[in-house]
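Below, each chain spelled out in residue letters.
There are 2 protein chains.
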Amino acid sequence: MINPSSVPVRQSSIRAHNLALLLNTVANSADPPSRAALATVTGLTRATVSALVDDLIAGGLLTELDPPPRTGAGRPAAGLALTAAGPAGLGCEINVDYLAACVVDLTGAVRQRFTEHADQRPAAAPDALAALGRLAARARLAAEAEGLVVAGMALAVPGLVSPTGLVRVAPNLGWQDVDAPTLLRGVPEIADLPVVVDNEANLAALGELRVAGAEATFLYVSGEIGIGAGLVIDGELYRGVRGWSGEIGHLTVYPDGRPCRCGSRGCLEQYAGQEALTADEPLASAALGIALSAAVNLLDVPMIVLGGAYALHFERLRAGIETELRRRVLTAGLAPVTLRAARLGTDAAVRGAADSVIRGVRDDPAGWLRRAG
Amino acid sequence: MINPSSVPVRQSSIRAHNLALLLNTVANSADPPSRAALATVTGLTRATVSALVDDLIAGGLLTELDPPPRTGAGRPAAGLALTAAGPAGLGCEINVDYLAACVVDLTGAVRQRFTEHADQRPAAAPDALAALGRLAARARLAAEAEGLVVAGMALAVPGLVSPTGLVRVAPNLGWQDVDAPTLLRGVPEIADLPVVVDNEANLAALGELRVAGAEATFLYVSGEIGIGAGLVIDGELYRGVRGWSGEIGHLTVYPDGRPCRCGSRGCLEQYAGQEALTADEPLASAALGIALSAAVNLLDVPMIVLGGAYALHFERLRAGIETELRRRVLTAGLAPVTLRAARLGTDAAVRGAADSVIRGVRDDPAGWLRRAG
Numbered sequence: 009m010i011n012p013s014s015v016p017v018r019q020s021s022i023r024a025h026n027l028a029l030l031l032n033t034v035a036n037s038a039d040p041p042s043r044a045a046l047a048t049v050t051g052l053t054r055a056t057v058s059a060l061v062d063d064l065i066a067g068g069l070l071t072e073l074d075p076p077p078r079t080g081a082g083r084p085a086a087g088l089a090l091t092a093a094g095p096a097g098l099g100c101e102i103n104v105d106y107l108a109a110c111v112v113d114l115t116g117a118v119r120q121r122f123t124e125h126a127d128q129r130p131a132a133a134p135d136a137l138a139a140l141g142r143l144a145a146r147a148r149l150a151a152e153a154e155g156l157v158v159a160g161m162a163l164a165v166p167g168l169v170s171p172t173g174l175v176r177v178a179p180n181l182g183w184q185d186v187d188a189p190t191l192l193r194g195v196p197e198i199a200d201l202p203v204v205v206d207n208e209a210n211l212a213a214l215g216e217l218r219v220a221g222a223e224a225t226f227l228y229v230s231g232e233i234g235i236g237a238g239l240v241i242d243g244e245l246y247r248g249v250r251g252w253s254g255e256i257g258h259l260t261v262y263p264d265g266r267p268c269r270c271g272s273r274g275c276l277e278q279y280a281g282q283e284a285l286t287a288d289e290p291l292a293s294a295a296l297g298i299a300l301s302a303a304v305n306l307l308d309v310p311m312i313v314l315g316g317a318y319a320l321h322f323e324r325l326r327a328g329i330e331t332e333l334r335r336r337v338l339t340a341g342l343a344p345v346t347l348r349a350a351r352l353g354t355d356a357a358v359r360g361a362a363d364s365v366i367r368g369v370r371d372d373p374a375g376w377l378r379r380a381g
Numbered sequence: 009m010i011n012p013s014s015v016p017v018r019q020s021s022i023r024a025h026n027l028a029l030l031l032n033t034v035a036n037s038a039d040p041p042s043r044a045a046l047a048t049v050t051g052l053t054r055a056t057v058s059a060l061v062d063d064l065i066a067g068g069l070l071t072e073l074d075p076p077p078r079t080g081a082g083r084p085a086a087g088l089a090l091t092a093a094g095p096a097g098l099g100c101e102i103n104v105d106y107l108a109a110c111v112v113d114l115t116g117a118v119r120q121r122f123t124e125h126a127d128q129r130p131a132a133a134p135d136a137l138a139a140l141g142r143l144a145a146r147a148r149l150a151a152e153a154e155g156l157v158v159a160g161m162a163l164a165v166p167g168l169v170s171p172t173g174l175v176r177v178a179p180n181l182g183w184q185d186v187d188a189p190t191l192l193r194g195v196p197e198i199a200d201l202p203v204v205v206d207n208e209a210n211l212a213a214l215g216e217l218r219v220a221g222a223e224a225t226f227l228y229v230s231g232e233i234g235i236g237a238g239l240v241i242d243g244e245l246y247r248g249v250r251g252w253s254g255e256i257g258h259l260t261v262y263p264d265g266r267p268c269r270c271g272s273r274g275c276l277e278q279y280a281g282q283e284a285l286t287a288d289e290p291l292a293s294a295a296l297g298i299a300l301s302a303a304v305n306l307l308d309v310p311m312i313v314l315g316g317a318y319a320l321h322f323e324r325l326r327a328g329i330e331t332e333l334r335r336r337v338l339t340a341g342l343a344p345v346t347l348r349a350a351r352l353g354t355d356a357a358v359r360g361a362a363d364s365v366i367r368g369v370r371d372d373p374a375g376w377l378r379r380a381g
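Taken in order, these protein sequences are the chains called Y and L.
Position one of the first sequence corresponds to residue 9 (my numbering), numbered consecutively onward.
Position one of the second sequence corresponds to residue 9 (my numbering), numbered consecutively onward.
Same shape as in the complex, but just chain Y (with noise of 0.2 Å):
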């Protein structure tokens, strides 16, 4: 949301806008461009562009091509890529009943991926973080095999996560108030790499943003035996001030109504919540209705995307959910709400964990350059 024009002026924010600039440029282009050709499209001296594309080749995120043969007259020139060996991003996922590691390129392609099946709730929270970075680890080798470098890692937990990773609730895993980064870092092989911790739907809709077109607006709803949603607008996920946003799971859906573990009456979960789904489709489909009724009022989202244990029995809950949509959202008449399954299925997190980290690399090259430097 921060504005282009109102970024602080400031010689190394200058640096760090043109780097990316340069960078995103190039992963736009059609063709390879050559350093000249940057000079002109970007605006900037042939003498910036190119001490900027040194620091971005001498960081492993833009390799030199060799250039055409020559056709005419003069020397072509070199055409620029992003490295195939450049940065990765390792993105984690710990649930109920399995691990999951994969390794994302600088270009986006899946290069490694792992799974563990394994129920993690008899396990103390720092034994299943042990396995997980384990897995991880394996995967991050196995991705430095093909000549990937790791630049950081995210890891996916159904829970409510702090900014610094802690993982305050998840109540699921049964965890409170895990240091999950630095559990992390118990596992020599991965001690080194910046860890994000973010909750599991966060994450999951980044996966589906993916798949759902870069300016994509969106809600995703992940049915578990918690219910978590992310949010994005605009292809940028929207994590709410303090990380927390997408709790629909304890929207209130009947003030008066069941009560519920977190000290509230009638929240979602306990009506729409994968128990009280197996117990009574129809009225997990109203309550979901209604909930996503709510969201819609609020936030004018277009689309509905529903994973997790949603996606599985999503034709069945489909038309329960759009009578809400119809009676409740006020604008239905005018505009109709979009209801689709998740594409990825169970991997949207850990996808959408990896990819987050390649994010962070491609729209702040400067901080890659400065950690690789």
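These aren't lab readings, by the way, just hints derived from the structure by calculation.
This one's a predicted model, so the numbers in the text were calculated from it and none came from an experiment.
Note that the Cβ used here is the ideal one computed from N, Cα and C, for glycine as well.
Do not rely on the hints blindly, as some may be mistaken.
Listed below are several chain Y residues computed to face chain L (Cβ distance under 8 Å; list not exhaustive) [stated by the list, open to error]:
#1 R250
#2 Y262
#3 S301
#4 P310
#5 R336
Here are the simulated distance ranges between beta carbons [said to hold, decoys possible]:
#6 L/A327 x Y/E289: 33 to 41 Å
#7 Y/R129 x L/G116: 52 to 60 Å
#8 Y/R348 x L/S170: 22 to 30 Å
#9 L/S170 x Y/E223: 14 to 22 Å
#10 Y/E152 x L/S170: 48 to 56 Å
#11 Y/P344 x L/P179: 18 to 26 Å
#12 L/S58 x Y/D200: 46 to 54 Å
Fit chain L to the known structure of chain Y by using the hints.
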């Protein structure tokens, strides 16, 4: 929400970006910078800076100040500043019992302010808009007599507005499908101005933003006969994909509750709209608390600003709302939500309307130069 580094790279968009960068660099500078200083700080060439600054001066956005007295060797450079007589924004509001117009200059200062108290409900939409247009024309003429150039006009209405400015529904005015821009063009003195029509809560939220700080995140809720909300995220108004966000008045509070004129049941408006509020304040504050809890659970907004009638009744509503927020917001125990009354009172929407025109010029000076040229 557009990522600066993902802006499509074309010559014209680079020029537009650089014009905005220069304009905002001047606006945010403590002292009027010289062209040479602008080149240093932005990394653009001196030739590029000079050409763009010339365009900004010719377009009436910047002015060249006299150089300070010579104090040493060399000729001191002239400094650049925003033009006091530059483009201005004309903000207007039509509401149930008054019309308002104000003019704000490029620096955000209010330069003209007109109000006309009269019940608008008996008037047909064309007559009400003609009266508003005449008030707007008075404000424009007064501003132009001061040397300002009105860049455009924004109109706040209590209703659902389409992106073209068609007022789809404004129930308290009895309007349906009113083509406000076309009707306003019937007033010759303002017929040439670009007109933007927006929901009053959206524009009031923009007005409150000026007093809340540039990067604020809050939900503004306006209690009138209807209830509207405007969501500001990191200093930017979130309008929703079709401009229909913030319809909190039709958020379901009691699924099987009172029938609403929108066709649904249990809408917030039936419990906390101005009439219900007068009848039963505790019920209204509980219903508001339930709806606001939904918004906080979804959006993780740290602050709620209550405007309109809610600002007047604020101290009496506060306890009831806070009780529900504590009970129903999942993260209430981790971080409390700040609740406060709107600071601009009934001026919020008209001020926000005028500000929105100015923001448009500052964010896209290239667009202004095209129109002014």
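Hints, verified against the model:
Hint on Y/R250 holds. Least Cβ distance to chain L is approximately 6 Å, under the 8 Å limit. With a cut of 8 Å, the hint placing Y/Y262 at the interface with chain L holds, because the nearest CB-to-CB distance is about 6 Å. A least Cβ separation of about 6 Å between Y/S301 and chain L falls short of the 8 Å threshold, and the interface hint therefore holds. Checking Y/P310 against chain L: minimum C-beta separation of about 5 Å stays under 8 Å; hint holds.
Given the 8 Å rule on beta carbons, the hint for Y/R336 holds: about 5 Å separates it from the nearest Cβ of chain L. Evaluation of the 33 to 41 Å hint for L/A327 and Y/E289 yields a pass: the beta carbon distance comes to about 40 Å. Take Y/R129 and L/G116: their Cβ atoms lie about 56 Å apart, and the range 52 to 60 Å holds. One distance hint, 22 to 30 Å for the beta-carbon pair Y/R348 and L/S170, holds here, with the actual separation near 25 Å.
For L/S170 and Y/E223, the Cβ-Cβ distance of about 20 Å falls inside the hinted range of 14 to 22 Å, so the restraint holds. At roughly 53 Å, the beta carbons of Y/E152 and L/S170 sit within the given window of 48 to 56 Å. The hinted window of 18 to 26 Å between Y/P344 and L/P179 holds, with their beta carbons roughly 22 Å apart. Checked against the hint of 46 to 54 Å, the C-beta distance between L/S58 and Y/D200 comes to roughly 48 Å, which is consistent with it.
The earlier numbered hints are all upheld by this structure, with none contradicted.
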